[in-house]
Amino acid sequence: MALWFSKKKIALALGGGAARGLAHIGVLQAFEESGIPIDMIAGTSMGAIIGTMYAANPDIALLNERILEYLQSDIFKKSRLDLIVEHKENIEGEGLFYRFSYLVRKKLFFTLAMSKLSFVSPQTRDNSLEFLLPDIDLEETRIPVATVALDLISGREVVLKEGSLIKAVAATTALPGILPPVEYNGMELVDGGWIGAIPVGPAREMGADIVIAIDAACHLNKMEPLGSGLDVVFRADEAARYQLSQLQLKQADLVICPPTTHNHWADFSDAEEIINKGRYATLEKMTVIKKLLK
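Here the numbering used here is used: the first residue of the sequence shown is 1, the next is one more, and so on.
If you're looking for bench data, these hints aren't it; they were derived computationally from the structure.
Computed from a predicted model, the values in this text were never measured in an experiment.
Built from N, CA and C at the ideal position, the CB exists for glycine as well.
Please note that the accuracy of each hint is not assured.
As the list claims (entries may be wrong) - For each label pair, taking beta carbons as the anchor points, the in silico distance ranges come out as:
| no. | residue 1 | residue 2 | range |
| --- | --- | --- | --- |
| 1 | Gly227 | Gly207 | 46 to 52 Å |
| 2 | Gln123 | Glu205 | 32 to 38 Å |
| 3 | Leu152 | Ser121 | 30 to 36 Å |
| 4 | Leu71 | Lys250 | 30 to 36 Å |
| 5 | Phe131 | Asp270 | 19 to 25 Å |
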């Protein structure tokens with residue numbers, strides 16, 4: 001595939017979404033297939049993982065292989081994310097043992113979340129990132145890249161463009177309650193999705209002429225019946241972050257929304273399906289993308 005040359009610099013703003021964020025791999029596949037090079041990347045949460053991996057080594061086939069290898073590894077299994085997957089099946093229609101097991105598992109998660117700083121240990125987090133990412137600084141990547149985090153102390157957005165790549169990704173993926181905050185230059189950093197779910201602004205500030213935002217969770221999830229006060233808290237938080245992301249997306253030149261709404265954010269079992277959704281959603285927009293680059 002011949003490269004598509006343009007004087008305009010193109011940046012991808014890769015949002016979060018955990019498992020849904022695997023769609024970013026498919027997005028990058030589509031750009032490679034179309035011969036369109038990426039000039040810079042800004043990423044939040046899962047978008048930062050995929051974005052920094054690609055920025056360090058722009059070979060999407062190797063990236064895809066490494067991610068799928070990780071999802072089958074013992075390191076990933078230790079994260080125990082299966083405890084918080086909401087099953088697609090109706091619990092009332094299952095057997096007694098299944099319903100009991102589900103409730104015990106769900107209660108276990110909330111018990112751990114209330115009694116510990118994080119659900120996943122710092123060691124498990126570090127092992128995961130070291131498996132996926134090179135031990136280099138952000139300035140050493142082959143494609144300029146930035147990650148976005150939230151400082152709990154100041155309440156401000158923090159854009160990381162230099163220093164340890166692994167530490168920057170640890171900060172932007174520190175999902176509150178699931179992963180521990182990261183201490184960084186006197187700050188306590190957590191998942192950037194709470195303040196910059198789709199980092200369009202940081203991508204623009206890097207010098208991009210065209211910013212394409214990838215929103216792996218572009219629709220507000222259908223509200224399930226509210227069974228507890230925690231359900232209300234979670235729904236209110238989800239709705240607030242959704243509205244914030246919509247404001248940020250208005251700054252993009254183009255928004256790509258892979259149809260991942262029905263995929264649970266903690267369920268990585270359909271990884272290849274999610275990746276393909278990102279690829280197809282991007283290929284559908286390729287004519288528009290090429291017009292933007294003219």
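Structure-based check of all given hints:
Remark: the range hint 46 to 52 Å for Gly227 to Gly207 is upheld by a beta-carbon distance near 48 Å. Gln123 and Glu205 have their C-beta atoms about 34 Å apart, which keeps the hinted 32 to 38 Å range intact. Between Leu152 and Ser121 the beta carbon distance is about 19 Å. The supplied range of 30 to 36 Å is therefore violated. Separation of Leu71 from Lys250 is about 34 Å and conforms to the stated range, judged on CB atoms against 30 to 36 Å.
Under the hint 19 to 25 Å, the C-beta atoms of Phe131 and Asp270, about 21 Å apart, fit the expected range.
The structure fails to meet hint 3 from the earlier list, while all remaining hints are met.
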